[in-house]
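Line by line, the protein sequences give chains A and B. For what it's worth, the numbering used here labels the leading residue of the first sequence as 42, then goes sequentially. For what it's worth, the numbering used here labels the leading residue of the second sequence as 171, then goes sequentially.
No wet-lab data here; the hints were simulated from the structure. Where hints are given, some of them may not hold.
27 Å max Cα-Cα, derived DSS-like pairs, lysine-lysine [to be verified]:
id	chain 1	residue 1	chain 2	residue 2
1	A	Lys274	B	Lys458
2	B	Lys458	A	Lys300
3	A	Lys177	A	Lys162
4	B	Lys265	B	Lys646
5	A	Lys68	B	Lys615
6	B	Lys265	A	Lys300
7	B	Lys329	A	Lys98
8	B	Lys428	A	Lys274
9	B	Lys329	A	Lys273
10	A	Lys138	A	Lys95
11	A	Lys68	B	Lys329
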Amino acid sequence: MYEIVGKKNLGEGINLYNISAADVALKALPGQFIILRVNKNGERVPITIANSDKNNKTVTILVQTLGKTTHLLSELNVGDSLADVVGPLGIPTEIEKFGTVVCIGGGFGIAAIYPIAKALKEAGNNVISIIGARSKGLLLMEGEMRSASSEVLIATNDGSYGTKGIVTDVLRELIYDKKIQIDRIIAIGPVIMMKAVSDLTREKSIKTMVSLNPIMIDGTGMCGACRVLVDKKTKFACVDGPDFDGHLVDFDNLMNRLKFYKEEEKASYECHMKQHHNG
Amino acid sequence: MDKIADTNEQNSLGNKERLKIKRHGMQCQSPEERRHNFKEVPYGYSSEEAIEEAKRCIQCKRPYCIEGCPVNIDIPAFLKLIEEGDFLGAAKKIKETNSLPAICGRVCPQEDQCEKVCIIGKRKDTPSVAIGNLERFAADYEAKYGDIYVEVNMKKDKKIAVVGGGPAGLTVAGDLCKMGYSVSIFEALHEIGGVLMYGIPEFRLPKEILLRELKVLEDMGVEIFTNEVIGKTITVDELLGERGYSAVFIGTGAGTPKFLNIPGEEFNGVYSANEFLTRVNLMRAYNKSEFDTPIKCGKTLVVFGAGNTAMDAVRTGLRLGYEDARIFYRRSRKEMTARLEEVHHAEEEGIKFEFLINPVRFIGDENHNVTAVECERMELGEPDESGRRRPIPIKGSEFVTNIDAAVIAIGTNVNPIVPSSTPGMNLNKWGYIIADENTGKTTKKGVFAGGDIVTGAATVILAMGAGKKAAVAIDKYLETGIW
Ligand SMILES: Cc1cc2nc3c(=O)[nH]c(=O)nc-3n(C[C@H](O)[C@H](O)[C@H](O)COP(=O)(O)OP(=O)(O)OC[C@H]3O[C@@H](n4cnc5c(N)ncnc54)[C@H](O)[C@@H]3O)c2cc1C
Ligand SMILES: Cc1cc2nc3c(=O)[nH]c(=O)nc-3n(C[C@H](O)[C@H](O)[C@H](O)COP(=O)(O)OP(=O)(O)OC[C@H]3O[C@@H](n4cnc5c(N)ncnc54)[C@H](O)[C@@H]3O)c2cc1C
Ligand code: SF4
Ligand code: SF4
Ligand code: FES
């Protein structure tokens, strides 16, 4: 049903897939996600929609291979099918003419920020993007990001490309040294990165939206697994989000909740690797 | 007594003899055994037991039991067929009004419905006829030995969309299909069945039974689309518009869990009942060797609440391996809303019940995992709107219980996805869809609704009843074109 019609390895552990999912492709808006299952006994795994193609009825996702499910996915090839794809879920990102918007993407967060940057640019914003990776070779979607932004700033940990450091270093420079007037910031990436960005922009009260990625099951508001604390209130990231005001999010709580099943996930991954890859 | 005496004319067995027969319980797995497995608790009646139990019915001239059943099954008629040994006939009789008897026989709160008003049970020393057990027996017998045969009318050229594959949706779909309509069910999850699939555990309602019923629907020609979140993937307006459906039935349930809103609720190990049960049921986390979704286990589990959901969660916890699984309830035993049989089974299994206890905060460790819960004791005050005495806290009664996990089973709110994406359909103040009780008509032309999304969390049979009425009304609307 949900056939993989395109697959590309983007370097260390990250794959791009084009998946045939007509109803989802017709509806997907920037900021929304799908939930997929690789096979009939698999977990439900949420993944951001990086792009959708209404003509070919496909959605594009970028997935980082982490544990068992993402590993199983990485073993699939063009022509194989996923058991389930449901979406588009979540509330789309607010797209308006804000003025100057900084879009920040780290890791697979770049995939998520790309459609948002594109839509913001089309809405008439001056889009400055900051993307980061460990080193030059691991930087994702630079070309796409350039086409979706008026300016792309790059940070690599080893300094092999752009600024040496992390995305917040670049952002700090924009705010404090270049003193650019920023009307809104959208940051998507590892929780620790979104937290750092929010902490940095809080002082200057620059509106900062983040996209939260708690553990989910159904993605329709039924189970409550994805609950996050925003302004000390319980919110369900799958239906109330995934975008929230970064200045109100309890990131520590999110990080703790993400760790809950670490042992089980590790055991399941190791067991899978032993069975199928001889250790 | 008089009433009972004058109803016996055509019975071969005198009513006196009938009244002497003791109510038959179903044989069950022993509590020690079933604590460690997810297999169904009762084995069901043997044919002999079923016949003997059916003999207890005195075939009332005015059978109150029928009025007690929300879908008005002709109970004396099917009991008589069982007594005569015509089990397939009995199943057929039940199916004239109830398409999911194997499920209702298992999960209906009979003590509040058909069996509550059974005349036999009105007498002091004789418990009512075990109508639910017999219904289950007939349905299981049919599944085992009969051809499940459904008559489908001449095809009609109109198609109907059913949103949500719970008992309300399944009933509408089945009934409309029998009338000859083309029916498509759109379900958000990867499997249909609603609460029957993700909520009620295997040991109470084996998945096999549900799958059997779903297959009947599919064989009849109902189209089932899973992974379709109506309001997101497709809207109700699109179903009525470009997708070409002549009417839409909404049966999306009352699926959003309520939380206690007390400090520490965000700690790891504090679950909503829906999450806990969904992991185990829908995602089959209890079968670790074959399925990937994880669930934790520990020593002590406390479940807050005392409805069917709480009972299912606590007994699931026990089966997962929690040594000490308890119910904490803020009211008293009398106010518990769970089916009597489940409470009884839970107690047999060693679940501890503690009453008049209210949680005030959860306590966690440095990793944010829950380690304890602080509660206060309550006493019962004046009756509230629901007629139940309102619990009030006793000052200075706080105490701390060490726990490894907590499940919150205190009810649900409306899921807003369909209501908020369907303009022109009015909602009540809690956000549930306003629909006519007898027809399921909403305030939006062509859109019908029923089940928990209209009434708030209720029962399987009420959701099915709403589905039945809606099917009739939808047929009428499509035949006449009059809204
Ligand atoms: C809204 C949202 C969008 C996301 N978008 C992307 C994306 O575009 N690309 C991408 O690579 N990843 C994305 N993720 C994260 C992705 O879902 C997890 O990496 C994936 O579930 C890991 O599964 P696993 O079995 O391979 O790893 P596991 O070993 O099971 O888990 C690795 C880590 O992933 C997290 N995780 C595990 N299960 C879930 C779950 N059911 N839901 C969410 N997180 C989980 C936990 O922190 C866990 O420690 C997104 C998550 C959310 C909630
Ligand atoms: C744990 C538990 C135990 C229970 N035990 C009993 C019992 O013993 N006896 C009893 O009589 N009752 C019991 N109940 C209550 C009973 O299950 C419900 O009243 C009944 O299932 C309601 O049926 P429904 O069809 O209205 O909705 P549901 O069963 O809730 O089904 C709704 C379906 O709609 C789907 N859906 C939701 N939103 C969308 C959307 N946007 N698009 C597409 N699909 C959607 C859902 O995924 C679900 O499959 C129990 C409930 C729970 C939670
Ligand atoms: S459907 Fe429920 S209420 Fe009606 S007869 Fe059967 S068990 Fe009783
Ligand atoms: S089940 Fe009870 S109320 Fe119904 S006909 Fe028999 S004896 Fe009468
Ligand atoms: S994932 Fe279940 S409520 Fe959000």
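Hints, one by one, checked against the model:
1. Lys274(A) with Lys458(B): Roughly 34 Å separates the two Cα atoms, so the pair is violated.
2. Lys458(B) with Lys300(A): holds, 19 Å
3. Lys177(A) with Lys162(A): Roughly 25 Å between the alpha carbons, so the hint for Lys177(A) and Lys162(A) holds.
4. Lys265(B) with Lys646(B): Measuring from Cα to Cα gives roughly 22 Å; hence the hint holds.
5. Lys68(A) with Lys615(B): holds, 25 Å
6. Lys265(B) with Lys300(A): Given that 27 Å is the threshold and the Cα spacing comes to 49 Å, the pair is violated.
7. Lys329(B) with Lys98(A): holds, 25 Å
8. Lys428(B) with Lys274(A): Since the Cα atoms of Lys428(B) and Lys274(A) sit roughly 13 Å apart, the hinted pair holds (cutoff 27 Å).
9. Lys329(B) with Lys273(A): This hinted pair is violated, its Cα atoms lying about 47 Å apart.
10. Lys138(A) with Lys95(A): holds, 24 Å
11. Lys68(A) with Lys329(B): holds, 23 Å
When each numbered hint is compared with the structure, violations occur for hints 1, 6 and 9.
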